[in-house]
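Asker: Put the two chains together into one complex; each comes in its own frame, and the hints tell you how they fit.
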Amino acid sequence: MAIILLIEDDAALQEAYGYVLRSIEHEVVAAYNGKEGLEATKRQAFDYIILDINMPIMNGLEFLRRFQKRKPPTTTIIVFSNYVDQDVESEALAHGAAKVVLKSSMTPSRFLSILQ
Amino acid sequence: MYKSVRWYVVVRLLFLLAIAVPSAAALFIFRGWNAEVQRNVLLAAITLVSNVLFYALARLQRQNIRYHTYLATIWIISDVLLVSALIFANGGIESRSPILYTIPILMAAAIFGRRAIYLTAAGCAAMYSSLIISDYLNIIRTVGAYNPELRSDLAYVINSAAFFSAILLVIGVAVDYITRLLIQKRQQASTSAIALARAQEIAKLGSWEWDIKKDAIHWSDELFRIFGVAERPANFDYATYLQLVHPDDSEIVQSTIKKATEQKNRYSLDYRLTMPDGSIKYIHSEGRPLLDAKDKLIKMTGTVQDVTEAHKLDAVKRDFVSLASHQLRTPASGVQAFLALLLDGYAGPLNEQQNRFVKRAYDSNTRQLEIIENLLNTAALESGKLFPKRQPVELKSLVKDCLPPHQLKATAQHQRLNMKTSKEKIYVVADPALLQMAIDNLISNAIKYTPDKGRITVSVRQAKSSAYVEVTDTGIGIAKQDRQALFKKFSRIANPESQQVSGTGLGLYLAYNVIKLQRGSITVKSVLGQGTAFRIRLPLASGRGRD
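Protein chains in written order, with the working numbering: chain A, 11 to 126; chain B, 9 to 555.
There's no promise every hint is true.
[Stated by the list, open to error] Some chain A residues well away from chain B (every beta-carbon gap over 10 angstroms; in silico):
id : residue
1  : 13
2  : 48
3  : 49
4  : 85
5  : 105
6  : 117
7  : 119
[Unchecked claim] List of simulated lysine-lysine pairs, DSSO-like, C-alpha gap at most 27 angstroms:
id : chain 1 : residue 1 : chain 2 : residue 2
8  : B       : 393       : B       : 496
9  : B       : 367       : A       : 109
10 : A       : 109       : B       : 408
11 : A       : 109       : B       : 397
12 : B       : 367       : B       : 393
These are computed hints drawn from the structure, not numbers from a lab.
All residues carry an ideal CB built from backbone N, CA and C; glycine is no exception.
The shape of chain B in the complex, shown without the other chains (with noise of 0.2 angstroms):
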């Protein structure tokens, strides 16, 4: 819209310098500086005048579309008024006045379409009849004494009339002519990009590019509706981009697509965008680099794609999958504590086997309460419903208290289940209880996975900034495909002794994930048949030896 006003300022200064001026020019030069020229210069200067006035309401509000469409409107009609002004003051209806009122048809034609030229031409005949009307009175009130004279002045403003009329309609169907040709011709051009950008509209996903050397950044229509923006920007950046994405996730936007630039790589990513009314949308990113022939990074592309809905069935889920756990933990752990009443012989001694019995019992019900915590950790992990503590622990003794539960666990299975460490104090920066749980995990894990009378060692350690708790054991080990997966969500490894092996598959998911909220990371070290080492590292805190 705004572009089509700017067309139509150029039109009309052409239409002033071509027209108006010469024509005024003309007539001081034939007649001197009379009436008539005065009115002329006049209107030329109105004519400029509100040119000026015009243009800079039409650059003061550049995005709002409803803005221009009220200003053209307004722009048309004056323009009606200004031309039928001209003609009045030049002494009516003569062979320039189509002309001039081609201007407005062909100005609104561009700014509304067909429909404008129908409601222009409709003006431009209602002001011809009003016109001719006048004059016809005019000679029916003078008419008294039959004069041959104004009789042809009657044929004179019928003839023009008719003449006129005939000549707007020939503008007007010429225009409209052209216009349907124009628009075909986008059509046909477009019939593609018209299936493609429904199907973008069905599958809430947009496209874009971004020429990274002039950073200007083409969206397709899809895009700005997902984005919630009324009208293309006039210079669409990065900068303008970035504005639109959720304050929070602004970071991890940029960070993520300054490493697939920097590195020419791919990159998928999930934000989270405010909406102009305040709400949130969720949308999920891919993006890839394009090169040229050397290899040089000219562009990126890639889509977005509006998971909002997708994102919400989620939350159903997660919030089913709490409640659920919330509900089974309450009974689970009334079991647990009857459970140790007996074992604890507060019901009277148990004999052996009544002992083994209630200890299977007492064990299967510990671990479903595990399980239970786990999911509940799942759920509010994935919600971001955790939000780790930060204060200062001392490592050695928080993995000393890890490994009592476990103790007993190995000691069934005759495993050695040791720790290794240096005599000084090591503190992190870290939330104990979920550092607590991702450690009992690695250690759970080595349990399970390793034979009998195997060796299970836990090393707590510091070298440079970091700290390092490693869990390492003589287990079965884990293959090299396997371990991509291994720290994705109920993922399970595929071997034959690992399927007698119980588990969710959500404990070295959790253990991952917990680190990395703390700023940490875990890495896996592993020999098939001969054992596997986790490792966990950790900054260590600024100033040792706090309490």
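Bound-form chain A, shown alone (with noise of 0.2 angstroms):
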């Protein structure tokens, strides 16, 4: 039982992919966005962050260049999206990211076993 941070702008993934990690008894706080992301952090802290790259208002490589400095060691990030290039990969991985993760390639329960 973790306490996780869903940041996805999706309401569908958002919806189902939350649905998942509350079914295994994970404490799930849903974000629409890096912005509402970052005002999550201030307020808790987390075991995991998920988190989707493009996304209006903040996207998910700007919550992390912000998040990277308060970032207690015991909270992993998991980036999660569709655009993955190589530039996004790197500088994901350098601004605090442990792991990227493409989405298309992802069913909830897949992904459940990455958290694992």
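Answerer: Listed below in structure tokens is the structure:
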């Protein structure tokens, strides 16, 4: 049982992935863009942050840049996006992401195996 | 312009030798070293020095047409002044004067055309008028006492003015007539050339010819416009041409032309140019060899077309495809997530019928996502945004990871999907994601075009300096005439069996180009009705066994 911040702008994916994570007793906080994500991290600490890259208002890379300094060592960030070229991947990893996962190769239950 | 100026230098030298030097010599012989001779020698010396100076200036900037226009104008004016000074030095107007004035008139005509003749003639007329008026004023001033001698002086001035004006007019008209005749003749000869030039301008298409032995290139005017070259270079050779090509494309241009000349073949190539203002032009070039009777290559000839506009439209189209695909992907991913939730039992167990239906929906959705992925990759590939990583990849484990998703599909069609490989690890330098995409496309194709209960084998091996991935099936096969177009975009084979198979015609196109980007190649062998084998060849990573 972990506390997870799910930053994803698509409501359908937010619901589907949130549902699966909650079904195995994780606590999930939803944020729909990087800005909401940052605010959530000020309120509480998370074990995992699952982060989309292409989002309105504040994108995932910008979130990483701003969050990097405050990131507690116990928080694991997993980037979860369709926009993964070499630049995005290396920039995400350089700014504190632990792993980059291609969204199109995922289903909610396959995603669970990555968290473990 | 440079040639006209050089022509004038020669005429001036002839003039100097033929008129100024003999006249000074004659004066010296008959009258001794007096002031008149000294003036003549001085003028000849000034002409000689200015000649050398102008010639040196003309050589300085061969390319700049405006520079030469200014130079020629200054030169003509200084010549008119010099000639006038010479006439004054020799005691006013006399029979030689019109001959001297012919020189600047001829030069102006040669350099600036007919309008210049009238300008020069007007300048000369003004000069004459001032001479005549000054003579006339001299007579008026001394007219105090009526003197029949002076009256005859007045008559002399008026007569000579009329005489020289008439001669100048004749020279002007004659030069004008000859110039017009020459222009007309040139126009007649070049009516078709003008029509051709206009056609080239409209089509933004230029033609060229390259004499290989002399290494001399001839371009049509339109080509200079396309390449943004203001004036024809004096010696236009292959090296000069290469400097105009975009630095990133220079290598492909050189290798293509080298291959075409060596094999005496036609070529067709798209490349870029950097304009003087820094903008980029896209051009399409076609070339073919010209051979002599002994089959020896003498020239290459061809066309170059400015396709920048078409390229921009293409970019707009690609951007649209890319944007539309991105937008389509998000909802399609949402559908997939929820179907997967149903299939994985998150909403409770499904009965057999429900499970079958949801499975169907899930498969269709997966295919939809695959198509979107292929469209996005095609758009990225064609706009040059697909930059493959270059890292060591262990080929056997990469291929092994490709298989599971296909295994489901193959099992559903009662096909056997196997992998065959040797024990040792095989390392290539490649982009794992792109390589996987290419192999996925080959396997998914093999499954599609192989009937139920067929067999698909994926083998990985290495030989010499290459690694090979071979996807062999026992499918419907590909006819010989269809193999040519196999790797082209949207190519779908027109036989009844393949019509039943869905596809975008992008899979093989992408696989082919993605492997090419990684310095490898794809070849195909097939027997109609028996099966097909696609083979990917990749260069081995040097220093095997690295991690």
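Asker: Please confirm whether residue 13 of chain A is truly not at the interface, meaning its C-beta sits more than 10 angstroms away from all C-beta atoms of chain B.
Answerer: holds (21 angstroms)
Asker: Run the distance test for residue 393 of chain B versus residue 496 of chain B: straight-line Cα separation, threshold 27 angstroms.
Answerer: holds (19 angstroms)
Asker: Within 27 angstroms, alpha carbon to alpha carbon, are residue 367 of chain B and residue 393 of chain B?
Answerer: Not OK: residue 367 of chain B and residue 393 of chain B at ~35 angstroms, beyond 27 angstroms, violated.
Asker: With the threshold set at 27 angstroms, check whether the alpha-carbon distance from residue 109 of chain A to residue 397 of chain B stays at or below it.
Answerer: holds (18 angstroms)
Asker: With d taken as the least Cβ-Cβ distance between residue 117 of chain A and chain B, does d exceed 10 angstroms?
Answerer: The claim breaks: residue 117 of chain A does not keep its Cβ more than 10 angstroms from every Cβ of chain B (closest is about 4 angstroms).
Asker: When you look at the beta carbon of residue 49 of chain A, is every beta carbon of chain B farther off than 10 angstroms?
Answerer: Check passes; 24 angstroms lies beyond 10 angstroms.
Asker: Checking the smallest CB distance to chain B, is residue 119 of chain A really beyond 10 angstroms?
Answerer: Non-interface label on residue 119 of chain A violated, nearest chain B Cβ at 5 angstroms vs cutoff 10 angstroms.
Asker: For the pair supplied as a hint, residue 367 of chain B and residue 109 of chain A, is the alpha-carbon distance within the 27 angstroms limit?
Answerer: violated (30 angstroms)
Asker: Take a quick look at residue 105 of chain A and tell me if its Cβ sits farther than 10 angstroms from every Cβ on chain B, holds or violated.
Answerer: At roughly 19 angstroms from the nearest Cβ of chain B, residue 105 of chain A sits farther out than 10 angstroms, so the non-interface label holds.
Asker: Residue 85 of chain A: least C-beta distance to chain B exceeds 10 angstroms?
Answerer: The assertion about residue 85 of chain A holds, with a minimum of 24 angstroms to chain B.
Asker: Taken at face value, is the distance from the CA of residue 408 of chain B to the CA of residue 109 of chain A at most 27 angstroms?
Answerer: Holds - the C-alpha atoms of residue 408 of chain B and residue 109 of chain A are around 22 angstroms apart, at most 27 angstroms.
Asker: Since residue 48 of chain A was said not to touch the interface, does its Cβ keep a gap of more than 10 angstroms from each Cβ of chain B?
Answerer: The assertion about residue 48 of chain A holds, with a minimum of 23 angstroms to chain B.
Going through the hint list in order, the structure does not satisfy hints 6, 7, 9 and 12.
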